[in-house]
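Asks: Protein chains in written order, with my numbering: chain A, 62 to 338; chain B, 1003 to 1318.
Any given hint could be a false lead.
[Unchecked claim] Okay, derived cross-link-like pairs now, DSS-like style, lysine-lysine, Cα gap no bigger than 30 Å in a straight line:
no., chain 1, residue 1, chain 2, residue 2
1, A, Lys299, A, Lys282
2, A, Lys224, A, Lys325
3, A, Lys282, A, Lys254
4, A, Lys254, A, Lys127
5, A, Lys189, A, Lys105
6, A, Lys189, B, Lys1084
7, A, Lys282, B, Lys1084
8, A, Lys299, B, Lys1225
9, B, Lys1084, A, Lys325
10, A, Lys224, A, Lys105
11, A, Lys254, A, Lys224
12, B, Lys1126, B, Lys1252
13, A, Lys189, B, Lys1225
14, A, Lys127, A, Lys282
15, B, Lys1252, A, Lys299
16, A, Lys282, A, Lys105
17, B, Lys1084, B, Lys1225
18, A, Lys304, A, Lys254
[Said to hold, decoys possible] Simulated restraints, written as ranges between beta carbons of each label pair:
no., chain 1, residue 1, chain 2, residue 2, range
19, B, Gly1127, A, Lys127, 50 to 60 Å
20, B, Pro1173, A, Gly225, 50 to 60 Å
21, B, Asp1219, A, Gly225, 32 to 42 Å
22, A, Leu136, B, Leu1130, 21 to 31 Å
23, A, Val77, B, Pro1173, 39 to 49 Å
24, B, Leu1167, A, Lys127, 33 to 43 Å
25, A, Leu76, B, Leu1227, 19 to 29 Å
26, B, Leu1227, A, Gln71, 52 to 62 Å
27, B, Leu1130, A, Leu314, 51 to 61 Å
28, B, Ser1222, A, Val77, 35 to 45 Å
29, A, Gly296, B, Thr1087, 44 to 54 Å
30, A, Leu110, B, Thr1087, 31 to 41 Å
Just so you know, the hints here were simulated from the structure itself, not pulled from any lab data. Beta carbons are placed, not taken as given, at the ideal position from N, Cα and C, and that holds for glycine.
If you want the building blocks of each chain, they are given just below.
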Amino acid sequence: MIRKPVSINQIILILVLALVALMFLLPFYYITVNSFKSFSEIMKDPGQLPEVMRLENYQRAIDQVKFPRVFMNSLLITMFSITGMVLLGSTAAWKLVRVPSRISAFIFFLYTAAMVIPFQSVMIPLVKVASMTYLLDSLPGLIIIYLGFGQPFTVFLYHGFIKGVPRELEESAMIEGCSDRQIFTSVVFPLLKTITVTVIILQTLWVWNDFLLPSLILYDKDLHTIPLSINRFFGQYKNQWDKALPTLVLSILPIVVFFLALQKHLIRGITEGAVKG
Amino acid sequence: MGQTEVVPAADYEETPGGIMKQIQRNRVNRIDRNYLLFSLPGFLFFFSIVLIPFFIGVILSFTEWNGVSSSLPFIGIENYQKLFTRDIPSLSSLLFTFRFTITVVIVSNLVGLTLALAITALVKGGGLYRVIFFLPNVIGGLILGFIWRFILINGLPSLSEALSLPFLNSPWLGDPTTGFWGLVIVYVWKTAGYLMVIYIASLYSIDSAVIESAIIDGASYWKMLSAIRFPLIMPAITICLFLMLSWSFKLFDVVFSLTGGGPFRSTEIFALNIYNEAFLYNNYGYASAKAVLFFLIVAVITVVQVRFTKRREVSL
């Protein structure tokens, strides 16, 4: 093919988009640049590059919010919750699709209806129920609660996908005498790979970033997640930006890396999740 | 979970003639035994974590419970009466929520759609822009609110000097009007990229033959947009409108960290209003009534959405 010369329209378009992109990135520039400054330097001119890179700001931030600890808490909660959601959601959706009955239809209806319930309509009694069932102030407790809240959407996504998966393979595996569990683990689940990636991405973004639910369940500082410790930190050091900005930069780093590493999957998963959700 | 083994495979080897019957019987067995094993665990979590508290919440909305006492003083529909007739702050919070929702639904969709049109018109390099515009969306609302507190208090005033744009130097979080627009800016910044991704997917799915024949027919850019592109991406428009509608109506964390509802409760979005009623003022019964109303509004929005989407699907 002959390379077309870049038209004037394209150049204008690129310039305008670049300008808008800079505007979108400006907040990241501001918090990163100022996280290396002293307080008086921040106040003098936030737009300027730092005179010296004060890495000790970060050392202090890591100590003050106990970053390794809260990072581990966030990671554990997210990993176990998502694994549980995938397991419970995929198995349930498979049976709900493959065994059409009135019960299946009713359960599926409950799941779709429950997706409408806003968290605020559940949180008040939930805290009470959680305290009576020892789910309060414990990481496993919070994970169990996530499994309950995650189930409707997870089942919904898997349900829509499994309906389009032909059942011939499962039937021939059944004739060969495989147990249900073997059929699921070795035949069905591998076929669900794309939707599983979507589920993992969408639920990870939710659980990792969630603030309100963990704030109602976890009181012990040692159990805090990243958003919880950031919130506590800001309660203490309101507008002391030399202390606050490094913690903010640190706290967005993991999810930004996660996004940049998986952006292709992520964007596809989000399109699918939106169209189905 | 290990007790429910399936009928061993050896069973139907012995009666070769009756294989189909065996399979059928086997299938019935599997329904009985494994249906529950596979679908019940998740349902139990869901039932006890979501459904039971939800119904308890409905009951609480008819009480004056303070969150601590073991007695539940029933007061009938008094909470609802108060909410609809006497509680001016809550009603103005609801009004603010509607105003905010309508504004961000429109602005964010306009920005998202414009970005999508621009990016799909690029000959190359669209991927990079897509990543940049989507980036704010992966950051949690709470942290995002804190980030923007810095930008609005310190960042924009300094930018206003550098670019000599005086309007950027507003008391963003100190005044009800600018507070409203501050929230709108932040939330559009977070969501526009998400909507853009959906619009891009939809725009790319348009058959290029349609576009080419329109170009041959000499259709102008705007004609092509209004007569061809927009009608063809109508399903995406519906999805994005309602997605934004339900997100922004339920928004909590960005407001919590950015303005905290202030100044003078002027940006107290309804989700935050319920939270404060329960956990700040300890009026659990009254907060539950608000939560029920909140649920009803969200439910109506969703039912309308489902209707809309179904109708679109038929016409496609």
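Asks: Any of the earlier hints contradicted here, and which numbers?
Replies: 3, 4, 5, 7, 8, 9, 10, 12, 13, 16, 17, 18, 19, 23, 26, 27, 28, 29, 30
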